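Chains A and B, in that order, give the protein sequences.
Numbered by our numbering, the letters in the first sequence go through residues 1 to 179 in order.
Numbered by our numbering, the letters in the second sequence go through residues 1001 to 1398 in order.
Among these hints, one or two may not hold up.
Covered stretches of chain B, as calculated for chain A (at least 3 residues, CB under 8 Å) [said to hold, decoys possible]: (1) 1010-1016; (2) 1035-1041; (3) 1057-1064.
Treat the hints as calculated values from the structure; they're not laboratory data.
Every value quoted in this text rests on a predicted model; they were computed, and no experiment measured them.
For every residue, glycine included, the Cβ atom is placed at its ideal position computed from N, Cα and C.
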Amino acid sequence: MIPKEDNFEQLYMNYYSALCYFAKGIVGSVEEAEDVVEDVFLKIYQSNRTFETTDNIISYLYTATRNESLTHLTRNHRTKERQLRYNAELPQNEQSHINAMIQSEVLRAILAEINNLPGRSGEILKLSYLEGLKNADIANLLGLSEQTVKNLKSKGIAVLKTKLSPDIFMLFCLLYKFR
Amino acid sequence: MTAAEPNIHRIVQLIRAHQLGELDNRAQIELNEWRIEDPANEMLFSQLNDLVFLNSNLIELSKYNAQASFEKFKATHIEVAQASFPKRYAFLKWKYALGAAAVLALVMLSILFFVKQDIINSTPKVTQQTDVAPGKVGATLTLADGKQIRLSEMKNGASLQQAGIKISKSASGQLTYEFAEVKGSGSMVNTLSTAKGETYKVRLPDGTLIWLNAASSLTYTANLLQHNQRVVHLDGEAYFEVAKDQRHPFVVVSNGQSVKVLGTHFNVNAYKDEPQIATTLLEGAVEVSMKGLCKRIKPGQQVVTEGKSLRVNQVNVDDVTDWKEGDFYLNHVDFKTAMRKIARWYDVEVVYDAAVPNDLEYGGWMSRKNNLSTVLKAIEGTGLAKFKIEGKKIYVYN
């Protein structure tokens, strides 16, 4: 049996953002979405529940988040307006819930990979684009010379170019002004 | 969860594989079955493959800080801190990891969605009064007698006959010319024209296919022939796939230039508000002449009129025929040229503030199916310029 703590922490770190994104679709605000998801995780933590497969956990998380979001909507008077809008715009059926899950999961998968960039070039690209750090700062942080940072960065981008289809690489250059 | 429900994780896996171009036939079929099941599925699928949609939603997703939240959670709810939690959390190996090379490809695709802190904090504001929908398929056919037919209004499957030539709109909406009888004067002049915001595809009697871009017009006799040559007059931009007919060379005339071809695929850009005419060859061979000058080019080459001379360039053909595939391909394109492409497709006018420099360069690719504000937001994200849409005008400033 996997120790409860590890499992829970991993679950939290891996799914928190995607569940907030999913919840925001229902409750309408970032802050409320975060409250909802924190409540969901608290309930899981306190329930001592175990799951058989990862699939089950994920479905459970999303369903619990959806239920919690709807509860928050009815509870909170300020969000009555949003509830009306939600009811009007979205068909409350299983199908749209499933598709909303699919959407969140696809985005989560992509973003997760960003956090898992391998190698030093990857680390530097991450610091450069994710954190917006300048080469000098990266050099300080990693204990490298600025030239080394530049070289590793170029290497990373060169590899990137060979791995992406030309139009996607183009969009990357467009959006991040990389030359 | 009932047994009948589609396996969500399988669908997610399939969509990711599609994004990476790694679907095998079986998986492709599975994915298509899901897509067809419900229009909502198809809509979701196309959103998840739209880079603009993905980009903005990934930015939204990355706003949430799991680590900070967990620290808070830990402090509030987890009383006994046993062994200190390791600072760097080992992430679960994804079920969707598809092998080293695939993971690398996945990672590379994801780098696309890196988020700069300043982009999160200052989302570009395209102030708008109304948004502008993208252009559509449509054209107007003007017959020899002056009668005008709006082709988007002509029903699929409908046809009309004029002097031995039958003009019909196929079930798929394509305009086709056929010879209904051999006799009859095929010399009646027709003009096919598109307004700003329209494109159209037509099939001529000889089998030649022509894609007409926005704000363009094509004039030709119904049987195409003039002095044993197949001749069309073009004002604007069109892409040609000319049917082979060695006895009758195909000639495209625009603004004093003529392009002579023998069964080829090429693009002519001859907008009056562009400084040059550019003829780009994809397949086959063409000869471009103007005022006694003549240049023959090979695939991948382009002839550009330069004042009174013709210049041959090597080009990236995707750059030139983007519009035909439904995209704007604006890599290393001069900013104002890019804006002209946008103006024609959305049927708007661009007004530049005096402070906007002439020499901005813009690089990238965008689907023409997006609303105008989406396209402009993406450009604003690069910091090149800021936009304001007011009705049919785009104001550009720095």
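* Of the hints stated earlier, which fail here? -> none
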